[in-house]
Amino acid sequence: MSTSMEVWIEGIGFWAQGLPDWPSLRERILGQPPRSDAPDKPAAEWLAPAERRRAPALVRLAIEAATQAVRMSGRPADQLPSVFTSAHGDAIIMDYMCRTLAEAPRQLSPTRFHNSVHNAAAGYWTIAARCMQASSAVCAGEQSFGAGLMEAATQAICDRQPLLLVASDAPASGPLAEVIRTRQPMGCALVLSPEQNPRAVARLRLQLGKNAPLANLENPGLATLVEENACGCALLLLACLTGPMRSHCRIPCGTDLALEIETESYS
Amino acid sequence: MHDTLPALAVSAHTATSALGRGLAAHVLALQGMHGGLAYNDFSNAPLDCWIGRVAGLEHAPLPQALTDWECRNNRLAWLGLQQDGFADAVRIASARHGRSRVAVLLGTSTGSIGSTEDGYRHLDPDGRLPSDLRRPMIHCLHALSTFVARVLDLDGPCLTVSTACSSSAKVYAMASRLIHTGLADAAVVGGVDTLCESVLFGFNSLELVAAEACRPFDIGRTGISIGEAAGFALLERSEHAPDAVQLAGYGESSDAHHMSTPHPDGAGAEMAMRKALQRAGLDPAQVDYINLHGTATPKNDEVEAALVARLFPVTTRVSSSKGFTGHTLGAAGGLEATLAMLAIERGFLPGNLGCSEPDPVCADHLVLETRSADVRVALSNSFGFGGNNACLAFTRPGIRA
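Residue numbers (this note's numbering), protein chains in the order written: chain F, 9 to 275; chain P, 127 to 527.
Chain F on its own, in the form it takes in the complex (with noise of 0.2 Å):
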């Protein structure tokens, strides 16, 4: 249907409730129980105390799982170009301006509202990052991590650069709740690269076909998520990096879309 595209992965962020990096997830899926110990919050130690103050949670949970990629890269962050994912953005902001436009418009706060544009934790990053490389904020309603995948690997591909992709969620507060199906926050960061190097953790393959139902995560906690974040089938890719040497999965990344994704580990 399509030519294919090669990438390798260098690094991998992740943050949702008990799942604070990449290693608990992958002892996780490989079928050790939860950890009881796990920080509540995301740390988003890279930001500045004056901006760790001003960042709301979606900014801080996607900054805490660029952070964690970029470390295990070992890429500087500041040479890394970025596309974040995201199919709502930040929901509880919206409520809060909807709210407030509703009831008092002229008290809108000036800060949530510049935290309200869809790119504010690409924003936060470059600033955190001192990065002045090209940084993205895509949405594909519910295909949203498979689309980021395809734009971030079209992307590292053509500038034949490794580049940073973060897809993250959260939920919603107040009457959007009701049309916003993410229940469950959850931040996953790649460092993808169009070569391969020593660094590389797994290659993908990519190639365009049609979409189909997603596949099934056996472990039912981590089933939940996939389900309650729409970002959520980040894990399926994920999931195929504990396995074994080679596996496959399906992303969606369009109405009718999906990524065909054949990956290879390393480790």
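No lab work stands behind these hints, which were simulated from the structure alone.
Note that this is a predicted model, so its numbers are computed, not measured.
Do not take every clue at face value.
[Stated by the list, open to error] Example chain P residues on the side facing chain F (calculated, C-beta under 7 Å, incomplete):
(1) His160
(2) Tyr165
(3) Phe168
(4) Arg217
(5) Glu243
(6) Pro262
(7) His268
(8) Leu285
(9) Thr286
(10) Ser288
(11) Leu304
(12) Gly308
(13) Glu323
(14) Ser386
(15) Gly512
[What the hints assert, rightly or not] Taking beta-carbon pairs under 10 Å as the criterion, some of the chain F residues facing chain P (in silico):
(16) Ser32
(17) Trp54
(18) Pro57
(19) Glu59
(20) Arg62
(21) Glu111
(22) Val125
(23) Ala128
(24) Trp133
(25) Ala137
(26) Arg138
(27) Gly149
(28) Gly156
(29) Gln163
(30) Thr232
Yeah, the Cβ is synthetic: ideal placement off N, Cα and C, and Gly gets one too.
Starting from the structure of chain F, add chain P where the hints point.
Chain P in isolation, oriented as in the chain F frame:
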């Protein structure tokens, strides 16, 4: 790092804004120096400011088969697609390449949030959104691209970019990547943003909205006027439209400085402009016209004026079109790309409405009144919150080596 890329043909494009529906209305307004801004009559408690409102949207419901998609933003998208034979041009491209080989990549900053705002003003007794607004897709930014793909019956890669005011410039870069990696053969790009209270009261809270019609690059400028627009373009490999204006290059960068204030030296903006020229294989001296971001805030115009004076000779002429249309936010990149292309196609330099005493820093470059000129190379600048910068380079075919 950034090699020269094969140019893409812009085989069709169109715009709808406060200046009117379609390209002819825009050319007429620009050439006659007639602006589209008017005193703000939008929303329940209008702010004391001017806006660029598209006439008639309130009386232009979507066709019956599309009522699930009903909202102001999609109305404007629908209206925009009907102008200049744009939808027909896409149908021809879809027949040529196949409907799964044509991507839909659109930018918006707030999408259909106006409908969400409306829902919050009319919550039912249980505190729920009114039943006609319990449509999940309408409350998502991706409503725009999904709706347009549905209207145009396209089934290729479909993404929404939302990086504030650079959104609909960045989709041109994304289209170039998708076509060059072989994931698509053509792409519908552009953007749509509509007036809503989030942006009117939001920019007002940051004290960035002018009480008057905005005056880009005037020494007495006081802030932005917010507008709404739809701009669309169809990109294909250049052999499919050898006589069409070409997307020759693009540049993207980040300020890494502040969420809502530009970098004082314009370092990020300069990087985006240099990358666009590099990808296009052009020198600054070859640029005939730049449609500047030119929001009319004191800070943006100060930084951009210095950047123009630093990078370009005075043979490069520049202007902001925001005095005509207002700042159309997530649609600005798409709208202003179309104005830059019109400058090449119709042979004129658009004037800079609203400026009577030009900022001395870029006064020698600034075009105050629209006039005829041979424009072979035109750039379009778009800068957004979060320090997100994009620059597009368009050329007449055959300009590049």
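Hints and how they fare:
no.	hint	verdict
1	His160	violated (31 Å)
2	Tyr165	violated (18 Å)
3	Phe168	violated (12 Å)
4	Arg217	violated (19 Å)
5	Glu243	holds (5 Å)
6	Pro262	holds (4 Å)
7	His268	holds (4 Å)
8	Leu285	holds (5 Å)
9	Thr286	holds (5 Å)
10	Ser288	holds (3 Å)
11	Leu304	holds (6 Å)
12	Gly308	holds (4 Å)
13	Glu323	holds (5 Å)
14	Ser386	holds (4 Å)
15	Gly512	holds (3 Å)
16	Ser32	violated (30 Å)
17	Trp54	violated (13 Å)
18	Pro57	violated (16 Å)
19	Glu59	holds (9 Å)
20	Arg62	holds (8 Å)
21	Glu111	holds (9 Å)
22	Val125	holds (5 Å)
23	Ala128	holds (7 Å)
24	Trp133	holds (9 Å)
25	Ala137	holds (7 Å)
26	Arg138	holds (5 Å)
27	Gly149	holds (4 Å)
28	Gly156	holds (8 Å)
29	Gln163	holds (6 Å)
30	Thr232	violated (20 Å)
Checked against the numbered hints given earlier, the structure breaks hints 1, 2, 3, 4, 16, 17, 18, 30 and satisfies all the rest.
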